[in-house]
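Produce the entire structure from the sequences given, and follow the hints as far as they go.
In order, the protein sequence lines correspond to chains A and B.
Be aware that the first sequence starts at 1, since it is given in full-length UniProt numbering, and climbs by one per residue.
Be aware that the second sequence starts at 1, since it is given in full-length UniProt numbering, and climbs by one per residue.
Please keep in mind that the hints were generated in silico from the structure rather than gathered at the bench.
None of the values given here were measured: they were computed from a predicted structure.
It cannot be assumed that every hint is accurate.
[What the hints assert, rightly or not] In silico DSBU-like cross-links for lysine-lysine, where the CA-CA straight-line distance does not exceed 30 Å:
# : chain 1 : residue 1 : chain 2 : residue 2
1 : B       : Lys-434   : B       : Lys-121
2 : A       : Lys-15    : A       : Lys-98
3 : A       : Lys-15    : A       : Lys-5
4 : A       : Lys-98    : A       : Lys-21
5 : A       : Lys-98    : A       : Lys-80
6 : A       : Lys-21    : B       : Lys-486
7 : A       : Lys-80    : B       : Lys-486
8 : A       : Lys-21    : A       : Lys-80
9 : B       : Lys-486   : A       : Lys-98
[Claimed, not checked] Some, not all, of what chain A presents toward chain B, calculated at C-beta under 7 Å:
#  : residue
10 : Val-10
11 : Lys-21
12 : Met-93
13 : Thr-95
14 : Gln-97
Ideal placement from N, C-alpha and C gives every residue a C-beta, glycine not left out.
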Amino acid sequence: MFLVKQAEEVEARMKRIAATKGVIGTLVVNPDGVPLRSTLDQSMTLQYAGQLQNLVALARSTVRDIDPQNDLSALRVRAKNYEIIVVTGDYLMITIQKLPE
Amino acid sequence: MFTDEALDAVSVRSLWRKSHQAAQDSRGCQTRALHRAEAEVQTVSTAVGCTQTELQERAAERLFQQNQNEPEPPGLRDFLQRVEDTVIRELVRNARSHAFDGFQANWEDHSQQVSRTHVCKAQEEGLHVTSVSWSCTGSVIACAYGRIDTGDWSTDSSCVCTWNLDRRGLRPNQADLVIDVPTLVTALCCHPSQPALIAGALYSGEVVVWDTSRIQDPVVAQTGLSADSHREPVHQVSWVPLQKKGEFGVLSACSGGRVLLWAVDLEQGRFVQSASYALLQQQAPSSSSSVGITSMALSPWDSDTFLVGSEGGLLLRCSFSSQTLAAAPFESQSVTPRAPAVFSFRPRSGPVHSIHYSPFHRNLFVSASTDGLAHLHSLLQASPLLSLRVSDSYVFQVQWSPTRPLVFAAATGQGMVQMFDLSRRSLRPAATIKQGATGQAATCLAFNCQNPHLLAVGKTDGTVSIWQLSADLTEQRPRESDQLEKIANQVAE
Numbered sequence: 001m002f003l004v005k006q007a008e009e010v011e012a013r014m015k016r017i018a019a020t021k022g023v024i025g026t027l028v029v030n031p032d033g034v035p036l037r038s039t040l041d042q043s044m045t046l047q048y049a050g051q052l053q054n055l056v057a058l059a060r061s062t063v064r065d066i067d068p069q070n071d072l073s074a075l076r077v078r079a080k081n082y083e084i085i086v087v088t089g090d091y092l093m094i095t096i097q098k099l100p101e
Numbered sequence: 001m002f003t004d005e006a007l008d009a010v011s012v013r014s015l016w017r018k019s020h021q022a023a024q025d026s027r028g029c030q031t032r033a034l035h036r037a038e039a040e041v042q043t044v045s046t047a048v049g050c051t052q053t054e055l056q057e058r059a060a061e062r063l064f065q066q067n068q069n070e071p072e073p074p075g076l077r078d079f080l081q082r083v084e085d086t087v088i089r090e091l092v093r094n095a096r097s098h099a100f101d102g103f104q105a106n107w108e109d110h111s112q113q114v115s116r117t118h119v120c121k122a123q124e125e126g127l128h129v130t131s132v133s134w135s136c137t138g139s140v141i142a143c144a145y146g147r148i149d150t151g152d153w154s155t156d157s158s159c160v161c162t163w164n165l166d167r168r169g170l171r172p173n174q175a176d177l178v179i180d181v182p183t184l185v186t187a188l189c190c191h192p193s194q195p196a197l198i199a200g201a202l203y204s205g206e207v208v209v210w211d212t213s214r215i216q217d218p219v220v221a222q223t224g225l226s227a228d229s230h231r232e233p234v235h236q237v238s239w240v241p242l243q244k245k246g247e248f249g250v251l252s253a254c255s256g257g258r259v260l261l262w263a264v265d266l267e268q269g270r271f272v273q274s275a276s277y278a279l280l281q282q283q284a285p286s287s288s289s290s291v292g293i294t295s296m297a298l299s300p301w302d303s304d305t306f307l308v309g310s311e312g313g314l315l316l317r318c319s320f321s322s323q324t325l326a327a328a329p330f331e332s333q334s335v336t337p338r339a340p341a342v343f344s345f346r347p348r349s350g351p352v353h354s355i356h357y358s359p360f361h362r363n364l365f366v367s368a369s370t371d372g373l374a375h376l377h378s379l380l381q382a383s384p385l386l387s388l389r390v391s392d393s394y395v396f397q398v399q400w401s402p403t404r405p406l407v408f409a410a411a412t413g414q415g416m417v418q419m420f421d422l423s424r425r426s427l428r429p430a431a432t433i434k435q436g437a438t439g440q441a442a443t444c445l446a447f448n449c450q451n452p453h454l455l456a457v458g459k460t461d462g463t464v465s466i467w468q469l470s471a472d473l474t475e476q477r478p479r480e481s482d483q484l485e486k487i488a489n490q491v492a493e
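Below, the structure written as structure tokens:
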């Protein structure tokens, strides 16, 4: 019972984020790069998880090389018509938002 | 001795109901049980003939499936709890932000000028370039030679030359491949997915498909001169996607007023006519004359529509699926001709030489005729939206740029190529490409869709020039699609 409620809560939070204006989808990835939860389809989930894994590792090593006490908290990649926001912590949360014209 | 006697009635009770209610049991049977086995079946092999449902184009993408039975990863809930509010706040702020308005990242070199990279010329003298077409890979340019000023039947021979611009040893004066053709070639179109196939239209009314990978005899299929095929010079030929995905047919339009759709059988090397359309104009109640077609454009948005321009200046929107039969019966033909015209735009004052659909807006197209004007039309209105003066002489071809929604190029009879940018306030050309003597007309041009900086221009002196366009003519600016939408929604006066 407890586990089901927990799972629902996770789903509810992800749905809330995915319902924000302009969001195409959101996914949560574990530190090994395996996607855990996602609101996108299979192929896109794997693509985003795979591509961003390397970028996040590079960004994190850059921050820690400059200041070993510091750590990466968020990473944003802006393209011509969409933006990817990655928030790090125990897990990685990747959100893709479509930009207004 | 005899006395009367009264006897009681004798009754026999019915046993029928009782016998039905009673249980029955077989004690013994006289016949023996039958043994059965399959000795033989009539059908030897099975095959699926046809199915009523169509194959699904693409398997529907499933949403990401997670393992329901797996215990939830530790800390996921807390992580989300911490992160959720921050993410939502940033997303909302991002949607409202003006931080990047007007900013454009420039990753490529900016060339400010238009420069000429190659000039290719065929060996024969006295031939004009009638049509150029880039192959689907963007590295080969195919040029058709003929003459644009022939009035009468001609028996000159001509050729089709191809140059591969990515090859190192490119010799501009000698073509990589020369295909000799017994008559003049009037139009050319490269196959959209197979780089070796080229469809060509001849002055004699024939349609040919060449395969440039074959060394001995590049002709794959050729329509003969029969009652089914064209009798007049064919002015336009193009590849049309057929209903089955991946297959293409050839659509040809001639000055006899007929538009024919051919299916190409590459193994057997022949054309099969699959549809025929005839454009006729009612001049008198009993007679009708054919409308000579000089240009044709296929819509990239709607596979059923195509536009036709005629020698008399008519501009018509036609439909492939029209069922009305053509007015006058043609002599014995295997496929009955249909009348495809659905809508007529305001006629021009001279033959319409070129029409091109905008690749960025489904309702816009541009048309050019011999009165020196280029008209921008919407499919929904009969009158043009914009009328631009291109030159004082004929305009032979117009084409929209494949990368910038508001730019199109026009080839003029004075030898210049004018490029128009609709985002500018003034109606004068944004760029003029001029080269060589002014007496030579520029008859055809083609943008390279794979490499959008390149533009090929063919002229009447037999040369094909490849121009490299400047960055402001090829790179899309923000909000161009909106501007195009606004232009398309104008109501013409």
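How the hints compare with the structure:
With a C-alpha separation of about 17 Å, the suggested pairing of Lys-434(B) with Lys-121(B) holds against the 30 Å cut-off. As the CA atoms of Lys-15(A) and Lys-98(A) are separated by approximately 17 Å, the hinted pair is consistent with the 30 Å bound. At most 30 Å may separate the alpha-carbon atoms for a hinted pair to count; Lys-15(A) and Lys-5(A) meet this at roughly 15 Å. The straight-line distance between the Cα atoms of Lys-98(A) and Lys-21(A) is roughly 9 Å, inside the 30 Å bound, and the hint therefore holds.
In summary, the hint linking Lys-98(A) to Lys-80(A) is supported, as the alpha carbons are separated by about 10 Å, within the 30 Å threshold. Our distance criterion of 30 Å between C-alpha atoms is met by Lys-21(A) and Lys-486(B), whose separation comes to about 26 Å. Between Lys-80(A) and Lys-486(B) the CA atoms are separated by roughly 22 Å; this keeps the pair inside 30 Å, and the hint holds. The hinted pair formed by Lys-21(A) and Lys-80(A) meets the criterion: a straight-line CA distance of about 18 Å does not exceed 30 Å.
This hinted pair checks out: Lys-486(B) and Lys-98(A) have alpha carbons roughly 23 Å apart, not beyond 30 Å. A hinted interface residue such as Val-10(A) counts as satisfied when its beta carbon comes closer than 7 Å to some beta carbon of chain B; here the least separation is about 6 Å, so the hint holds. At about 5 Å, the closest approach between the beta carbon of Lys-21(A) and any beta carbon in chain B falls short of 7 Å, and the interface hint on this residue holds. Because the beta carbon of Met-93(A) sits about 5 Å from the nearest beta carbon in chain B, less than 7 Å, this interface hint is met.
Because the closest C-beta pair between Thr-95(A) and chain B is about 6 Å apart, less than 7 Å, the hint holds. Because the smallest distance between the Cβ of Gln-97(A) and any Cβ of chain B comes to about 6 Å, under 7 Å, the interface hint for this residue holds.
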